[in-house]
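Undergrad: Sequence:
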Amino acid sequence: MTTQTSSKLPLGPLVTLATATFMSITIEMLPTGLMHLMAPDLGVAESQIGLLMSVFAFAVVLTSTPLTMLLRRVPKRILLVGVLTFFSISTILTAAAPNYELVLASRIINGIAHGVFWSSVTSYTGSLVRPNQLTKAVSITGGGGGLAFVLGVPLGTALGQWIDWRATFVVLAIVCLIVAATLWVVLPKGVGDKPAPATAPVELPTPGAISDVEVITNSIPVTRRSRKSMGLVITLCILVMVVMTGHYSFYSYISPYLLGPVGFSEALLPIALFAYGIASAIATALTGTLFTGRTGAGFYVSFALFLVGGGSLALFPQISFLAGMGLILWGFGMGFLPTLLQSRLLAVAPSKHRDLSSAMYTSGFNAGIGLGALVGAILLDSYGMGSLGVSFLTLTMAGVVINILVDLRSARKTA
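Position in the sequence shown (first residue = 1) + 1 = our numbering.
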């Protein structure tokens, strides 16, 4: 008997997976909070610390799909524990690296493990629960990522200021090993190891999933035509790549931006990041309640929060209160969007291609992270801090346009 046969949510495994995603995202994003400490210690510019995000993300993009396919026969429980352990070891290498070049190499190893973990954890979550529980399950496991912004990055930033950025990475690596051991104990054996039977070309979402078949309210409606199934996955990946490129072209350099143009003190920096994370976590927790059956509305609410919140921070940095409120609104938007996208992915992907679809989504998301950090580094060195907000607003609007075009195309196809 598998976990899916039970009507109750398997909270133990889901919460443990959420803890694993918390550690994964915290370690990935920590350079954004420790940038002002890492750069002088390694003797490089802040833009080069931002590039650590790029190499991490590009390692995910280049390796997650082929490695996921190569390792698809490895039992999911063993795979998740193994990659999280590998992730912890590479984090220790980051802490021990004596120069920037070796830190860069360790982050590439980090990224390889991160990509396999994320492409596996999404499909594994779908295997743990019934179809009408997908929204709640993804909200729980995805909530670990949101909590990383709430507690992980702010506490990591504060810890780095208190002791040392290298010691902070060591602490996180040790905690990551503990989480890996917990996964080994808690995760059920055999779940998700066999591919789901292809009983239909595309799985239509159940009423409990964040998706529905109405064209007007859906950004990407689910159809019964198999030739459209992976096309919907690809469209979703393009959309997320564009939006995340804009997001991370700004957010990757949020610490020097808040310390510079906004004028926050170092003591206030962890608090500001904490406020952003709290907003993100609240939004993640409320996504299923607010947007079940209203996915299209959820996307546009997220985009509006990006533009209003990030726009306030970008256009009015000299007004500290307005910039701070903008950061919080931006956090709400970022909290909604990933859960909406992941739930839609599980709804539109054929069951037999869930691992591949998850790997493609992970690649698209991380391509956005890598390109965003790279674009931000180029703009920062060439045009200064003020250019980061312009990039963010421009690419967010491009995402809105893509979403509108998809809506219009879907409406024509079903008219």
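No lab work stands behind these hints: they were computed from the structure. Be aware that a few hints might be false.
Here are the in silico distance ranges between beta carbons for each label pair [as the list claims (entries may be wrong)]:
hint, residue 1, residue 2, range
1, Leu12, Ile175, 19 to 29 Å
2, Leu103, Leu269, 30 to 40 Å
3, Leu409, Ile175, 11 to 21 Å
4, Ile379, Leu103, 39 to 49 Å
5, Ile175, Ala399, 35 to 45 Å
6, Ser266, Glu102, 42 to 52 Å
Heads up, simulated DSS-like pairs for lysine-lysine below, C-alpha to C-alpha not over 30 Å straight-line [claimed, not checked]:
hint, residue 1, residue 2
7, Lys353, Lys137
8, Lys353, Lys9
9, Lys9, Lys190
10, Lys353, Lys190
11, Lys190, Lys137
12, Lys9, Lys137
All C-beta atoms, glycine included, are put in the ideal place defined by N, C-alpha and C.
Undergrad: CB of Ile175 to CB of Ala399, is that within 35 to 45 Å?
TA: 41 Å, holds
Undergrad: Can you let me know if the beta-carbon spacing of Ser266 and Glu102 is within 42 to 52 Å?
TA: 32 Å, violated
Undergrad: Could you check the hint for me, namely that Leu12 and Ile175 are 19 to 29 Å apart, CB to CB?
TA: Since Leu12 and Ile175 have Cβ atoms about 25 Å apart, the given range 19 to 29 Å holds.
Undergrad: Under the criterion that the straight-line Cα-Cα distance not exceed 30 Å, is the pair Lys190, Lys137 satisfied?
TA: With a Cα-Cα distance of about 22 Å, the restraint between Lys190 and Lys137 holds, given a limit of 30 Å.
Undergrad: Is Lys9 close enough to Lys137, meaning Cα to Cα at most 30 Å?
TA: With Cα atoms ~11 Å apart, Lys9 and Lys137 stay inside 30 Å; holds.
Undergrad: For the pair Leu103 and Leu269, does the Cβ-Cβ distance stay inside 30 to 40 Å?
TA: With a Cβ separation near 32 Å, Leu103 and Leu269 satisfy 30 to 40 Å, so the hint holds.
Undergrad: With the threshold set at 30 Å, check whether the alpha-carbon distance from Lys353 to Lys137 stays at or below it.
TA: 22 Å, holds
Undergrad: Holds or violated: Lys353 with Lys190, Cα cutoff 30 Å?
TA: 20 Å, holds
Undergrad: Given a hint of 39 to 49 Å, does the C-beta separation of Ile379 and Leu103 actually sit inside it?
TA: The hinted range 39 to 49 Å is violated for Ile379 and Leu103, with Cβ atoms some 24 Å apart.
Undergrad: Just tell me: holds or violated, for the beta carbon distance of Leu409 and Ile175 against 11 to 21 Å?
TA: Violated, at about 51 Å.
Undergrad: Take a quick look at whether Lys353 and Lys9 sit within 30 Å of each other, Cα to Cα.
TA: Between Lys353 and Lys9 the Cα gap is close to 24 Å, so the pair holds against 30 Å.
Undergrad: Taken at face value, is the distance from the CA of Lys190 to the CA of Lys9 at most 30 Å?
TA: 18 Å, holds
Comparing the model with each earlier hint shows violations of hints 3, 4 and 6; every other hint is respected.
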